[in-house]
Amino acid sequence: MASLKELRARIGSIKSTRKITSAMKMVAAAKLRRAQASAEAARPYAAAMRRMLGELAGATKGEEGGPLLLSGTGRDQVHLLVPLTSDRGLCGGFNANVHRLTELTIRRLQSEGKTVKLLPVGRRAINYFAREYSDLIIDKVMGFSGKEVPFSVASDLGDKINALLEAGEIDVCTLVYNQFRNAMTQVPACQQLVPLVMDEAQGHAATPADADAAQYEFEPDEAALLAMLLPKNLQVQIYASLLETAAGENGARMTAMDNATRNAGRSIDSLSKVYNRTRQTNITNELIEIISGAQAV
Amino acid sequence: MPVQVEIISPEKVLVSREVEMAVLPGMEGDIAAMPDRAPMMLLLRGGVVSLHENGVVTDRFFVGGGFADITATRCTILADRAEPVSEISIDNATAALEALTEAWDKADKTDMSRLDVLQDKILAVRAEIEAGSTHA
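Chains as they are written, first to last, in the numbering used here: chain A, 1 to 297; chain B, 1001 to 1136.
Hints listed in this document are in silico derivations from the structure and should not be mistaken for laboratory results.
Please note that the accuracy of each hint is not assured.
To be verified - DSSO-like cross-link-like pairs, simulated, lysine-lysine; straight-line CA separation at most 30 Å: (1) A:K15 with B:K1012; (2) A:K160 with B:K1012; (3) B:K1012 with A:K31; (4) A:K31 with B:K1109.
The model shown is predicted, which means the values in this text are computed figures rather than measured ones.
So here's chain B without its partners, still in its complex pose (with noise of 0.2 Å):
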């Protein structure tokens, strides 16, 4: 029995589809959905979903963080912003990481809250370019 799997961004829904297995980058780890997995809601890093199929890697979206819905038989992906991997800009990545860590240097260091959304944010970014990176 397999999982049906979305990925939505808020533009649009990128995949809806059935796979085997779905692992997706848990802001504590990363976690499998997969058929009959107890109901689970998760927060998402910014980081790589890759969908499995008899027993391969068959297709990889980067994720820049979000949220999941798991239950036995559907993984519903909630993406701030996603893209396939092959499709990442190293480019526009870089760039944006240039721009993020120009904010932390100026940022308030008292600032905690702050601090921690660009801290997540870099590690997207920097995700974001390892995945376009292995890909390429």
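Bound conformation, chain A alone (with noise of 0.2 Å):
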């Protein structure tokens, strides 16, 4: 049994512990209602830009050789992977379940014979995928530390990835990260970039209210515009998955630091009760001792 001395200390550290994660609870709180603020704020750019593309892509179709973003090289067998993960942890299996992800399709693709690389973003995937998989990293990119995810980050991923693909580096590119469900739950998917996945629904779908209007001009011609759409279409999208990320980032954090403050209560409560029974047992010891004592004179 532990001396009453080292009981008020372990008591006392788990205290100081318990006030940190309560802390970190409430500013994980605070972020990722301001995450979520501007997740909000960036829908309605991607939603026009999802209208502009289902037009364009209609209006091009049935051309031969479209832009690499949209019909890829015609390849598949250089893959690249961009898991998007945080940059520090305690937030739970968030990280995790990317990594969990990513490897299980890296192991996926190399079985059948492809050529797997790796751009991951944030300092958790860098310092995960150097350890094992480091002769597959071709690039990667730090996330953001700040307070809010700047477009830039998005654009400079978009445009290192369209890079490659003009160099002809990779044929398929997929971004692995948590999709945003509420703060309780993320769910780690893979969603392809190159080549873009029109969802034929949407795009049509998307312009009930124009349906009945007459045929779109195009200044300059649908081409141009396509290749100019296609990269800004590839950073939203990007930008999207950013902003997702740091709003689960901070849902998860939330919710394992409120476990952790929960279980943190849990064991002070016990400790506490261990704690006054020792007390208890030593100044009954302690008045057998005297009263005997006393009896024995």
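Join the two chains into one complex using the hints; note that each chain is given alone, in its own frame.
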């Protein structure tokens, strides 16, 4: 049995841990609200982009040799995986989920005889994959430890992927990231960026009001517009995933820290019980000694 | 009947309101979005979007390139970056222009696609400075 002094020290240290975890929970909650707001604010741009893209893709349909971003290189040999994680830990299984899904995908692709390349985003992913798959990493991007996700991170990343594609170094590009469901749940998922997966239903459903409108005019021509729009669309998709990652990170951290705070409370309770019982036993023992001493006299 | 104008940057919606006419800086010349205009998709150069109400310009926004989707009743502008002309920082823009000019001097003069991109950027920043200084 531990001595009273030891117990006191342990209770004290768990109490200060609880203070830290509950503070981290509050901070994560505040950041989550902000991250959700910016994800909300970015949605109209993405929606308008999808509408225009659907219209343009419809207009250029059937033309041979479309842009690489839309139709891909026509091969399916070299895959680029882009895992998105946070820079900091202490957010439960948030980053580990992305790592696991990425690893599974790497193994699956390799067993099919494909070449896999990695472009990890966020310090967690960089460190993790540098250990086991350092030969696959072709580039890495630090995350965004600041408060808000700047669009420039997404546009730089998009340009990088585009350059790799044009240089013929990759055929397919897939993002691996946590989709944000709510503060409690984030679902790791793969999203293929190149070649672009066009949701037929989406393309058409997005323009019901314009369905009877006259044919669009394009200035400059369709192909030139499409060539400008596609890289932008890539950046927007990456930006949306980055925002979801930022929101998910804070949601996951909030949940993890809530659990940690509750666990700390529980172990303080049980330690306090042991402490009080020990104290009482000590007093009883002392009393017995005094009384039996007095009786002996 | 007015046109519903929306100026959207990747981060947020800047404007969403009804105006009589919006003049957009198209890549191949300025284009006005008015009610009942034939639907059109437009590539934008860096320049100023001006909103007209009751025959006068009520608001001016700088857009640094992007796209516009014009239909009979609305005009959606997807700007790479956008800000009200009154908030343009000439110092920042001048610094950006210097950086771009330097990049232009260093750039490989045979790589036309790269030069095109740089030139568009330089023109956009010049337009920004011009817009900012006419306001001040």
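Cross-check of the supplied hints:
{"no.": "1", "hint": "A:K15 with B:K1012", "verdict": "42 Å, violated"}
{"no.": "2", "hint": "A:K160 with B:K1012", "verdict": "24 Å, holds"}
{"no.": "3", "hint": "B:K1012 with A:K31", "verdict": "18 Å, holds"}
{"no.": "4", "hint": "A:K31 with B:K1109", "verdict": "46 Å, violated"}
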